[in-house]
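These protein sequence lines are chains A and B, in that order. All the letters of the first sequence, read from the start, carry residue numbers 162 to 641 under the working numbering. All the letters of the second sequence, read from the start, carry residue numbers 162 to 641 under the working numbering.
Careful: at least some of the hints might be erroneous.
Which copy is meant is left open, because identical chains are indistinguishable; a pair holds if it fits in one copy or across any two.
As the list claims (entries may be wrong) - Okay, derived cross-link-like pairs now, DSSO-like style, lysine-lysine, Cα gap no bigger than 30 Å in a straight line: (1) K537 x K221; (2) K252 x K221; (3) K252 x K537; (4) K221 x K187.
FYI, nobody ran anything at the bench for these hints, they're computed from the structure. Please read all numbers here as calculations on a predicted model, not as lab measurements.
Each chain is listed here by its residues.
There are 2 protein chains.
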Amino acid sequence: MVPDPPIQHQRNLQETLRQVIVLLNKQQLVSNLVKKQDSPRHELVQTLVAKQQLAELQQKLQSLHPADIAYVLEQLPLTERIMVWDLISVKRYGAILLEVSDAVRTSLIADLEHKELIHAVEHLDSDEIADLMPDLPSDMVRAVMKSLDQQDRVQVQSVMTFPEDTVGALMDFDMVTVREDVALDVVLRYLRRLGEIPNDVDKLFVVDRRGLLKGTLALNTLLVSSPEAEVVEIMHTEPVFFYTHDLIAEAARAFERYDLISAPVLNLHNQVVGKIGIDAVMDFVEERASRERLGQVGLSEDEDLFAPIWRSARNRWLWLAINLMTAFCASRVIGMFEATIVQLVALATLMPIVASVGGNTGNQTAALMIRGLALKQINGSNLRYLVFKELSIALMNGALWGSVMGLFALMLYQNTILSLVMISAMMLNLMIAALGGMFIPFTLQKMGRDPVMGSSVILTFMTDSMGFFIFLGLASVFLL
Amino acid sequence: MVPDPPIQHQRNLQETLRQVIVLLNKQQLVSNLVKKQDSPRHELVQTLVAKQQLAELQQKLQSLHPADIAYVLEQLPLTERIMVWDLISVKRYGAILLEVSDAVRTSLIADLEHKELIHAVEHLDSDEIADLMPDLPSDMVRAVMKSLDQQDRVQVQSVMTFPEDTVGALMDFDMVTVREDVALDVVLRYLRRLGEIPNDVDKLFVVDRRGLLKGTLALNTLLVSSPEAEVVEIMHTEPVFFYTHDLIAEAARAFERYDLISAPVLNLHNQVVGKIGIDAVMDFVEERASRERLGQVGLSEDEDLFAPIWRSARNRWLWLAINLMTAFCASRVIGMFEATIVQLVALATLMPIVASVGGNTGNQTAALMIRGLALKQINGSNLRYLVFKELSIALMNGALWGSVMGLFALMLYQNTILSLVMISAMMLNLMIAALGGMFIPFTLQKMGRDPVMGSSVILTFMTDSMGFFIFLGLASVFLL
Chain A
162 MVPDPPIQHQ
172 RNLQETLRQV
182 IVLLNKQQLV
192 SNLVKKQDSP
202 RHELVQTLVA
212 KQQLAELQQK
222 LQSLHPADIA
232 YVLEQLPLTE
242 RIMVWDLISV
252 KRYGAILLEV
262 SDAVRTSLIA
272 DLEHKELIHA
282 VEHLDSDEIA
292 DLMPDLPSDM
302 VRAVMKSLDQ
312 QDRVQVQSVM
322 TFPEDTVGAL
332 MDFDMVTVRE
342 DVALDVVLRY
352 LRRLGEIPND
362 VDKLFVVDRR
372 GLLKGTLALN
382 TLLVSSPEAE
392 VVEIMHTEPV
402 FFYTHDLIAE
412 AARAFERYDL
422 ISAPVLNLHN
432 QVVGKIGIDA
442 VMDFVEERAS
452 RERLGQVGLS
462 EDEDLFAPIW
472 RSARNRWLWL
482 AINLMTAFCA
492 SRVIGMFEAT
502 IVQLVALATL
512 MPIVASVGGN
522 TGNQTAALMI
532 RGLALKQING
542 SNLRYLVFKE
552 LSIALMNGAL
562 WGSVMGLFAL
572 MLYQNTILSL
582 VMISAMMLNL
592 MIAALGGMFI
602 PFTLQKMGRD
612 PVMGSSVILT
622 FMTDSMGFFI
632 FLGLASVFLL
Chain B
162 MVPDPPIQHQ
172 RNLQETLRQV
182 IVLLNKQQLV
192 SNLVKKQDSP
202 RHELVQTLVA
212 KQQLAELQQK
222 LQSLHPADIA
232 YVLEQLPLTE
242 RIMVWDLISV
252 KRYGAILLEV
262 SDAVRTSLIA
272 DLEHKELIHA
282 VEHLDSDEIA
292 DLMPDLPSDM
302 VRAVMKSLDQ
312 QDRVQVQSVM
322 TFPEDTVGAL
332 MDFDMVTVRE
342 DVALDVVLRY
352 LRRLGEIPND
362 VDKLFVVDRR
372 GLLKGTLALN
382 TLLVSSPEAE
392 VVEIMHTEPV
402 FFYTHDLIAE
412 AARAFERYDL
422 ISAPVLNLHN
432 QVVGKIGIDA
442 VMDFVEERAS
452 RERLGQVGLS
462 EDEDLFAPIW
472 RSARNRWLWL
482 AINLMTAFCA
492 SRVIGMFEAT
502 IVQLVALATL
512 MPIVASVGGN
522 TGNQTAALMI
532 RGLALKQING
542 SNLRYLVFKE
552 LSIALMNGAL
562 WGSVMGLFAL
572 MLYQNTILSL
582 VMISAMMLNL
592 MIAALGGMFI
602 PFTLQKMGRD
612 PVMGSSVILT
622 FMTDSMGFFI
632 FLGLASVFLL
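The shape of chain A in the complex, shown without the other chains (with noise of 0.2 Å):
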């Protein structure tokens, strides 16, 4: 059996994914040659070189990481995707499998049959298979669950259990025990039959006989340390550790304070279950902020850029309602006061200054309560000074700017009424859009809801209907 060839890091994977598709492009070119040839002494040659391009591609694919793999399935069309796919041994499925989206994901199971499966999950750790799941087909689950052992299935069984915002569901059992009045130079013998540390342990868990933590034996101290010593005399006897019922955005702000790189996982008998690891709260944090940025303009991480047009139209309707929905309130709101429009059409020109710079202005202190909230800087007590901070902002930038604006108004229609009207209007409006930046955030965090979602629709549409309620109002009361 010949050796897989070593992974090779790509420092360019642009480079990388056109390398393997003008492989692709050349398999393809000569498969098809073949297949138009009559030939018979032809058609040998051209499979010959269609064959040496295939173990050229396939070379290719192996020498990848998964993650890289996983990044090329990705650009891919789905048949050539598929066509890659199968060129991959079965034995690295489950691991590429776990790096792409889910929407790819969904594609490449559906081209796999039961036993390719199971073999694909062989290689994988319990906690990897429990974040595959969801993705499978039920008989698929089943199938799975019972090719494997009693151990590998209560692992995943409680991983599957925890919900997905907790530290539980993100834990893996990548981790090696020890106890506590055992000499180093015997911790050292034991590691050095178990063959092989995980990556990412950097640290021993020190457990007495019912498994509780007793502290944590960092490899580098051990390393450093006389082996005559004992653990209980080198280990760190407060260790950070995490219940598996913490939220894993509570564990990552430790891990960022800490500088940590594992931490033990307890249940609630405070016996170690599992250990939580920095490449699974690196990948948290970066899945956050992505679905963040999607989140805020109402579509989910799922969201593929070549996905179908259909289902991408679909997935925006929601949005798409809920906006024109608000657009249509605010407009409402004009509709009240078209006498006094067609009176004066002016108001009309001016109107969506007032609510478009109210929507700006409450979206940067929304922005910042949020940064607040999420940094855990705002609480009962000082919100009240907060307030009184954006509405003083607020007061004075409505003054001025409104001032700005109400001085256009007059050069363009000689209206000093109207103009002022636009001062107080501006300055009305931008009180409302501070208290709506501050209090939307805040109520939606207090309801249990993640206040980047939904701060933004709420917030426009409050400074819109407004906006155009006070300006057209205020122009109805003293200007007719």
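Starting from the known structure of chain A, arrange chain B on it as the hints suggest.
Chain B only, in chain A's frame:
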């Protein structure tokens, strides 16, 4: 000398903050009492109590991790902040300054004397000193530089010369290098002699006499290998490495893809000059997310929730001015059609719907595009397909939801042509929004700017102005 109490990790930071504030208030209360009392006997007792309170607070602070002290300092108003700062031992100053936000750092440095600062940075690594330098007044920079030894000074200067978005600016010098031809037991003895391996060192860098990178040796592999083996036999010969001029964003992607904990940093001559660790990468990722979130609404990352009102107000001027300008331009588009609006006031009522829905769907397309650009999924070859796809979606959704709105307009105003104008304007503006959502981020990226910042402003300006123009333009052609 009493040894420092062990650092305790805080499971609940807000509770910790509360405790510090309670101790702080008690201490202030007692000191105030001391000042008010005249009787010398009373005074003696009170001073004792005050001293005890002070000691308790000091002890609490000493048990906190620098990152947690940073959190506490950030939450306190200036007077209390300085009071707590003065209670912390000078040798911890450096580590805390590294953790606090820029705004708070400036306030703390302002309280320091040259001597204290030099004492504080003595305990820092040279890459950390380089991080602090930009926030120090220039006379302090000179004083600190003079206090460093030759090697540190060179390292500080080298880190400071790299642009802040490159690996060079984030690298550190906490690394251990070995030669490839030595036996592992020699390496083990060498490490033991070092006495300490930094927390984030997970691999040794194998270099030759000229400092060229030959490979890496994971500490976990070292631990499980036979001590008789030589480094060259077990080292990883194709490790991931970075050049000092590589972008941190690229390095972060590689850390995520390959689950790295540290990697060697090379200069242009392929010599190992430093290390980049997961903690620096993680800080970068978190900071980028926060910068993006605020940048979207034209705020700088420095904007402190608790900054003085006047400074906060001014911070928002640029964004306000830009928004006023774009809103003013859009308003002038309406101004062109005032005669039309006077004849059919329903136009004024309906026009914000066309503009607002356009802006919202455009921002959806832009968010997908920005993610695609960040993940390097978009290139010349698939851009054309994406444009076709987004235009199709816009046409489809424009027809569908435009009709819904057209129907509403028909019910409200009983005007068939008005409702047809509404549908056409919605379709056209959604198509413009789709094009804008694709090309604005793409162009910003091509121009070397960050598409996250600014896309939304330009896009909304476009969909507002064009929305008004198309709707009112069509109306004046077909309705009057």
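So, going through the hints one by one against the coordinates:
Within a single copy, K537 and K221 get their C-alpha atoms only as close as 48 Å, which misses the 30 Å cut-off; across copies the closest is 21 Å, which meets it. For a Cα distance limit of 30 Å, the shortest separation of K252 from K221 inside one copy, 16 Å, qualifies, whereas the shortest one across copies, 54 Å, does not. When the C-alpha separation of K252 and K537 is checked against a cutoff of 30 Å, the pair qualifies only between copies, where the shortest distance is 28 Å, while the shortest distance within a copy is 45 Å. With identical chains, the CA atoms of K221 and K187 are at most 30 Å apart within one copy only, with a shortest distance of 14 Å there and 69 Å across copies.
Every hint, counting from the list given before, is met by this structure.
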